[in-house]
Amino acid sequence: MSQLTLSAIPGFFDIADSAIAAGQVLADSTMLALSHNGKFATVRGKLIFMGFYAHGNTVPTPIDPDDGYAYARTECQFMCMIYSNRAPAPGFVPGQALPPAQSSSQAGPLYNLPGGWAINDLTGLVTLWTTYYSNGTETVNNDGILKVYAICSRMSLTTRPGRAAPTAPTPAPPTPAPPTPAPPAPAAPVVGSVSLTGQTAALGSATSPVTIFTVRESNADFTLSCAINVTAPDTGVLNSEGQPAEAMVTLVYGWTYPSPQPWSGTISAEAFDTPDLFQGSNAQVAAFGALAGTTIWYYTIWTVDSEIAAESSYDLSITLKQTSS
Amino acid sequence: MAQLTLSAIPGFFDLADSAIAAGQPLTDDSMLKISHNAKFGAVRSKLIFMGFYANGNTVPAPIDPDDGYAYSRAECQFVWMIYSNRSPAPGFEAGQASLPAQSNSQPGTLYNFPGGWDINDATGVVTLRTTYWQNGTEVVNNDGILKVYAVCLRLSLSSAN
Numbered sequence: 256m257s258q259l260t261l262s263a264i265p266g267f268f269d270i271a272d273s274a275i276a277a278g279q280v281l282a283d284s285t286m287l288a289l290s291h292n293g294k295f296a297t298v299r300g301k302l303i304f305m306g307f308y309a310h311g312n313t314v315p316t317p318i319d320p321d322d323g324y325a326y327a328r329t330e331c332q333f334m335c336m337i338y339s340n341r342a343p344a345p346g347f348v349p350g351q352a353l354p355p356a357q358s359s360s361q362a363g364p365l366y367n368l369p370g371g372w373a374i375n376d377l378t379g380l381v382t383l384w385t386t387y388y389s390n391g392t393e394t395v396n397n398d399g400i401l402k403v404y405a406i407c408s409r410m411s412l413t414t415r416p417g418r419a420a421p422t423a424p425t426p427a428p429p430t431p432a433p434p435t436p437a438p439p440a441p442a443a444p445v446v447g448s449v450s451l452t453g454q455t456a457a458l459g460s461a462t463s464p465v466t467i468f469t470v471r472e473s474n475a476d477f478t479l480s481c482a483i484n485v486t487a488p489d490t491g492v493l494n495s496e497g498q499p500a501e502a503m504v505t506l507v508y509g510w511t512y513p514s515p516q517p518w519s520g521t522i523s524a525e526a527f528d529t530p531d532l533f534q535g536s537n538a539q540v541a542a543f544g545a546l547a548g549t550t551i552w553y554y555t556i557w558t559v560d561s562e563i564a565a566e567s568s569y570d571l572s573i574t575l576k577q578t579s580s
Numbered sequence: 514m515a516q517l518t519l520s521a522i523p524g525f526f527d528l529a530d531s532a533i534a535a536g537q538p539l540t541d542d543s544m545l546k547i548s549h550n551a552k553f554g555a556v557r558s559k560l561i562f563m564g565f566y567a568n569g570n571t572v573p574a575p576i577d578p579d580d581g582y583a584y585s586r587a588e589c590q591f592v593w594m595i596y597s598n599r600s601p602a603p604g605f606e607a608g609q610a611s612l613p614a615q616s617n618s619q620p621g622t623l624y625n626f627p628g629g630w631d632i633n634d635a636t637g638v639v640t641l642r643t644t645y646w647q648n649g650t651e652v653v654n655n656d657g658i659l660k661v662y663a664v665c666l667r668l669s670l671s672s673a674n
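Chains A and B supply the protein sequences, listed in that same order.
Just so you know, the first sequence maps onto residues 256 to 580 in my numbering.
Just so you know, the second sequence maps onto residues 514 to 674 in my numbering.
Keep in mind that the hints were calculated from the coordinates and are not lab data.
Note that the Cβ used here is the ideal one computed from N, Cα and C, for glycine as well.
Careful: at least some of the hints might be erroneous.
[Said to hold, decoys possible] Covered stretches of chain A, going by a simulated chain B footprint (3 or more residues, C-beta under 8 Å):
no., region
1, 348 to 362
2, 399 to 411
[Said to hold, decoys possible] One side only, chain A facing chain B, incomplete, derived with CB under 8 Å:
no., residue
3, P265
4, R299
5, Q332
6, C335
7, Y338
8, N367
9, L368
10, G370
11, W372
12, A373
13, Y388
For reference, chain B alone in the conformation it holds in the complex (with noise of 0.2 Å):
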């Protein structure tokens, strides 16, 4: 299967329907405009695959395979899935595609879990809070690791906070 690939960036143009009525010429003006609204609703809308993050690291606004756009911070919103409870392993980069290795120990067992984790979608910060229980005390710490995908929308205003 291919990747789609534009050869410029599509607009979208509020095109008047008046614009396109019977009686009126159909100028090249209005063809122009169906073509680049047409091209803008192939694109305006997708998920895009960021990698595997961890406490502390910035997710990036994507840019589009298909023609190149670089997101606006405003267009992204970031929704994850856990990967698991536990820090990364020592190798891990921020983003990487491949899963990665969790630590292999952690203080105890699962207390406050998941304790607050979040993707700010204004600045693409991950802030994981997780506790364990161990020996009748709570210990709180930054573990965890998220799968994390853009849901970006061209020309909104979508950030959740």
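The following block holds chain A by itself, in its conformation from the complex (with noise of 0.2 Å):
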């Protein structure tokens, strides 16, 4: 069996059935145009074996054999299989395609595994979190060995999760006797906020993240929401490839326990425009526990085609909530 090898790579055209109806001039637009979307079917989705990974490595964005393109992270998602609990022997090289060599000794019998094992689809990041039970003790440590696939959809936001099917619409229970207000809660304290419009560039990064709000000395509740916008030309621009341009931005934030291993989770929300074709904004609301000394952060990843970039920018907004202490 060969290599499907294809000299261009194909495009996605949504003909409108209405250019092809009797009576019209079949023009070779429309034939170049179906011949592209047959091409696009066949190459669209696509598994990619990227090779085993440990804790901290990044696994890349695939190129496609069948016609060199390379895909952007939002088109990938990774999935994984648990190769070992244990870390890499030496001379382990992140993304290598054979079986690695496994360490030949562990803290203790298995304990928490996986403990929070996961591929940040944004990112490629991969983290791992295992811990053993020995002589009474948890140790934790971030062991662990991924066999690592790309599965590829183009032109496909695919890293935020699928909206749900509505379902059957079930008959309306009797109407219930009023309930009796529930007393208000008392408003939880904001302890840190971000508010920041028309931001052109990116803010922060992976390693030198902004830091919203450090826990103090004892241990505490928070829920943060963030909410993010982008705004671009009202007008149809396409890029150099010839697809429509875009701005899209992606909000990172988390939080770092100091102890008693150092260890991060994360959470992500992306808005985008493309003019005249489509946008989007998000907002999210997460709640979690901070152990104390935990520094809470974000950083943003701003991505825009050139052509509307000087008329493109983004809103954010993050508010920090401590619900108890």
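Each of the two chains sits in its own frame; use the hints to bring them together as a complex.
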């Protein structure tokens, strides 16, 4: 069996049925669009082996062997299988294709495994948390090895969750008696907030995030809400690849525990705007507990086609409330 | 990168080869069917991220972002990765997209894990069973968190159970 090979990367065209109606001229542009759609359908979805990875590694985006198409992060979702609970042996190279040798020892019998194992589809970052139990003590580290595949879908913003299909309606229950209003809950104090408009550059970075709040001497619970929105020019503009120009911002926020083992949890939200096609904003709320000394932070990833960069911007707001102490 | 957007949900037509044979008039009907089949080919199969789930949650059938197609349960199969053996921390919402915090403790060392973990494709119900070994006794509960994707295939009766 040989490798499918295309001489050019096919596009997709949403041909209107009216363009191929009786009495219409069948144009070469319509036939070309039909041809491209057939090719696009052939190569759109793909499972690509990415190799073996450990904690802290970053899984890159793949290049399609069919036509050399370089996938964007938003077109990739990473599926993984647990290869080992142990750390790799010396000589391991992230992404190596061969099954790696594993460490010859571990800290004790397995306890919490996996303890929050995930690959961040937005960044490709691998995060592993594993604990062992020995002599009455839980030992925490980042052991583990994953075998990773990228599931790719061209022209997809796949890293946001799918909307649920509507379910069949159920008969309405009898109208209940009006409930007694509950006493108003005390408002949780705001301990940190960010409100920025008209941003045109990334804020912070994965290695140098912007600190919102540092938990002081005692543990506490928090809710963190965010909203982001992108503004781009209203008129249709094409980028250098002939595709509609677009702007997208990704907000990553999270918290870093100082002990017993450094650990970060992250949450991401993204908003986008493509002139004349579609736009979206995003708002999310997260609740979490944090140990004393935990740092709560954020950074943004700003991606915009140069053709609309001068006229595009994004707004960002974050509110952090402490719900208990 | 943009999201593919179709103005209408395409159908599929099993176009007979004889309909486009030499000597036959190429009708708009055949051309429309070819066009729809190509579009259908582009959107037929899909992997859609559904979020994080725990025992007793129900994973819904998704809507396709390409054209708004609402998948039926029979067209969805759920694949998942084990995110944690522990239960979620307070504040967890079924289907949340962000990484959930996990409970900060468990009853003992892992014993039977996973002990029959499944998502019923016909209903979307998540069933997790986990056991721990504590002081010479097996402790059984429903701990666990899954990261779930829907593998969708239009016009398929693909439900596994």
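Structure-based check of all given hints:
no., hint, in the structure
1, 348 to 362, "violated (count 0)"
2, 399 to 411, "holds (count 5)"
3, P265, "violated, 10 Å"
4, R299, "holds, 5 Å"
5, Q332, "holds, 6 Å"
6, C335, "holds, 6 Å"
7, Y338, "violated, 13 Å"
8, N367, "holds, 6 Å"
9, L368, "holds, 6 Å"
10, G370, "holds, 6 Å"
11, W372, "holds, 6 Å"
12, A373, "holds, 6 Å"
13, Y388, "holds, 5 Å"
Violated hints for the displayed structure, listed by number in ascending order: 1, 3 and 7.
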